[in-house]
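> In case you want the letters, here they are:
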Amino acid sequence: MNPLHISILLFFIGLYGVINKNNLIKKIIGLTIINGSTVLFFISISYSEGGIAPIFSKDISRESVQAMVNPVPQALMLTAIVIGVSVTALALALIVKIYEKYKTLDIQQLLKGR
Amino acid sequence: MVLLSSYGEKNKMKSSNIIKTIAQKLFPFILLFGIYLILHGHLSPGGGFQGGVVLGTAVILLFLSYGIEETERKVKIKYLSIIEVSIILFFIFIGVFGMLTANFFLKNFLPLGRTGQILSGGFMPLLNFVIGIKVAAGIFGIFYILFKYRGEI
Amino acid sequence: MKNHLPILIIILPLAVGFFILLFKKYIIQLSLGAIFIPLFLLLKFSSGFLDGNVIVYKLGGWESPLGIHLVIDGLSFYFSLLVLCAAVFIVLYSLYEETYPSSYYFYLLLSVSSMLGIIFTADIFNMYIFYELLTISTYLLIAYSKKGKSLKASFNYLIMGGVGLSFFLLGTGFLYALFGILDLPSISEKYLVIFSANREMILIAFALMIIGIGIKVAAFPLHGWLPDAHSLAPSSVSALLSGITVKIGIYCFIRLIYGIFGLEKYLFIKTEQFYLTLGSVTLLFGATMALAQIDLKRLLAFSTINQIGIILIGFGIGTKTGLTGALFHILNHAILKISLFFCAGIIIKKTGSRLLQDLKGFSRREPFIVLSFIIASMGMIGIPSVNGFISKFIICSAAIEAGFPLIVVIILIASVITAAYYFKIIYLFFDLSATSVKINKSSRRELASLRIILGYWTIYILTGISVLLGVFPSLGIDLLEPAVMSILSNFAP
Amino acid sequence: MKKYISILFLITITLIIIFSINLEFGKPINLEFANHYLNKGIEETGAMNLVASVYLDYRAYDTLIETVILFMAVYGITFFLRREK
Chain L
1 MNPLHISILL FFIGLYGVIN KNNLIKKIIG LTIINGSTVL FFISISYSEG
51 GIAPIFSKDI SRESVQAMVN PVPQALMLTA IVIGVSVTAL ALALIVKIYE
101 KYKTLDIQQL LKGR
Chain P
1 MVLLSSYGEK NKMKSSNIIK TIAQKLFPFI LLFGIYLILH GHLSPGGGFQ
51 GGVVLGTAVI LLFLSYGIEE TERKVKIKYL SIIEVSIILF FIFIGVFGML
101 TANFFLKNFL PLGRTGQILS GGFMPLLNFV IGIKVAAGIF GIFYILFKYR
151 GEI
Chain X
1 MKNHLPILII ILPLAVGFFI LLFKKYIIQL SLGAIFIPLF LLLKFSSGFL
51 DGNVIVYKLG GWESPLGIHL VIDGLSFYFS LLVLCAAVFI VLYSLYEETY
101 PSSYYFYLLL SVSSMLGIIF TADIFNMYIF YELLTISTYL LIAYSKKGKS
151 LKASFNYLIM GGVGLSFFLL GTGFLYALFG ILDLPSISEK YLVIFSANRE
201 MILIAFALMI IGIGIKVAAF PLHGWLPDAH SLAPSSVSAL LSGITVKIGI
251 YCFIRLIYGI FGLEKYLFIK TEQFYLTLGS VTLLFGATMA LAQIDLKRLL
301 AFSTINQIGI ILIGFGIGTK TGLTGALFHI LNHAILKISL FFCAGIIIKK
351 TGSRLLQDLK GFSRREPFIV LSFIIASMGM IGIPSVNGFI SKFIICSAAI
401 EAGFPLIVVI ILIASVITAA YYFKIIYLFF DLSATSVKIN KSSRRELASL
451 RIILGYWTIY ILTGISVLLG VFPSLGIDLL EPAVMSILSN FAP
Chain Y
1 MKKYISILFL ITITLIIIFS INLEFGKPIN LEFANHYLNK GIEETGAMNL
51 VASVYLDYRA YDTLIETVIL FMAVYGITFF LRREK
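Protein chains in written order, with this note's numbering: chain L, 1 to 114; chain P, 1 to 153; chain X, 1 to 493; chain Y, 1 to 85.
FYI, nobody ran anything at the bench for these hints, they're computed from the structure.
If you're wondering where the values come from, they're calculated on a predicted model, not measured in any experiment.
Here a beta-carbon is modelled for each residue, glycine too, at the ideal position from N, C-alpha and C.
Hints may be right or wrong, so weigh each one.
One side only, chain X facing chain L, incomplete, derived with CB under 10 Å [claimed, not checked]:
hint, residue
1, TYR100
2, PRO101
3, ILE129
4, GLU132
5, ALA143
6, LYS152
7, ILE159
8, GLY162
9, LEU169
10, THR172
11, PHE174
12, PRO367
13, PHE368
14, VAL370
15, TYR427
16, LEU428
Work out the full structure: start from the sequences and follow the hints.
Quick look at the structure:
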């Protein structure tokens, strides 16, 4: 097991939550887990053994560039995290609105009360 | 949900003087830290997004300790959406300006400067600033709206 | 001007969207302008694209795999033209439908802009981000009325769409881990070398991305969100979603299959069968489900699933004829479905009900709308002289050429079912036995006459175009010739 | 019943994917362009933080769309929850 495997595992744990949980908020938690797992996946594919953060400073000379990890996945994940936050926030707003209308968060009852 | 419902009944926030004082004293420092993160985004770990989140949480802290009415008086919330829209238009304008001066959309049109100084990296500090303001406004906006219009639960 | 064409087309609707949100004045004029100016620019340079020229735009001036590139080739030209033309009709119809505030036009412009972004981009991650923007603006448009049902439909779509895009992102991660780049043309250059070493990984990346986009195009087992989302939105939004947004998923399908994964025949032969099966099942399922509906817009939404199946079959055949048929069917389905949803919008507004049984005797009240509806449904069924027939015919002949006679049988069966459910509606239109035609009391008299004319004439024009394309199909087929060429050359520059 | 089927299904897919990952953790492959960012990043963009140089210069277009998405979320929440009087 390494982080690559764990991120795949987390992805499907989140998917399990989305599919099988009846509570809308738990579904959103599942979606958040899925999003987190993709972030973990991207970060772990860029990791190299003994790698350091791709940021130069006074202590880090230009020669140590060989030890640095790939900066691209990290930059991509900054974007993906913001998107995850946006989707989660929007989903929660929708849940508040749905709860106002139907007074329930249970998906079975929501499906019944068409 | 239980917590929020008890909130709704009283419809007024109460917090002790300790929390209020500490929040008030901490507020400028958190703000400073956020601004530091934004301004040094191209030199050190951090950047517009991270700094923006810190700025947003600083306002949220004030909000939590002082309650909704007082913060609304301090922070002009009706300008929030105007700030957000105009900052995105400014971002697009930066891109178009790069297109006009340097012939490519979102191309750096400022000199790169000496690496390691604040004013280096071309338009990166500018973009960091834009993103920082945007994210701070966004994070606070999400919190504020979800809190204020949380619905009768 | 020509150099900056791709970014101008994307950024104009985006910037104008924010502009109308800020100033809230001249909303309609500005949003029409934001769609017309890109359309005009695109048409001005259209002769170049029809000759097979390709524009590559380097954002920020970075060279090939370092930065993000925008590409307009034959395929993206065809799709962007489709999106912009459809958007013009949808904005004009929205004027009739209701006096929408600025937020509606903001969402509409942003969804148009993000569709154009997906179409032009040559970078997978950028595609993902634009897809996310498109989905978010779609959630907001679906739930625009804030009624309980549409909120539920929007939430359902949010969950499905979020999961689908996460699958897509994970697939992108696999590709990035293998290739170290995100640029589609660069990936296709390195593809054959890497494929031989990492067969399983590529297969998994392919599967993840196909599941992700499959949710977006509502292919059979993943269609659950579509009927609710497309039927509970306002009619103009339904037209947008069914007419063009679903096709964007198909566009991504084409880009990924013919740009990357189809380069190795080992994978492609297997997926060919896969597509045909998927398309046939989607086709039959959509048709049978539509037969059982009692709600007009829900029926039209299932009809979309039905037609998506035909388009997938066309791509599954994969020959030049098959691709031509599929691309032409995308255009035809967009025209027909948009006009059907507009008709449905007018019908619902006049009768105040969405149920089929309340349509009785509607032909007496709005004969021309009923005529347009009949022509459009003839196109959906595939009766000659309307454009839908031509593309179905091309796909069928391609299937026979490529040796899949069973597919023709399936398409014919589905067409018979399609005919059954559309004739059910048409029969109800002419069922004059109903003594009192149900009339919506709040039928809007206060509407300015110009807007009524706009609403009706968009439908008449769309019907006219569909008949025109049915009589002179070469008008449309000439347009998609470069698109087919660029697909068959695997988007090689 | 449906629950167990889905669990079985998800476990199967997870195992298939996990066993077919043949990436070695800690040894990324195909780094030629990553090395370009690392080696040339400072000269080309002038930033010490190379993540920022990718985020804000090489791929600034992504960042633009990302801010638009964040705005859409905020505006959407306001749109849903605000009560019109």
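> Could you work out which of the previously given hints the structure breaks and list their numbers from low to high?
Violated hints: 1, 2, 12, 13, 14, 15, 16; rest satisfied.
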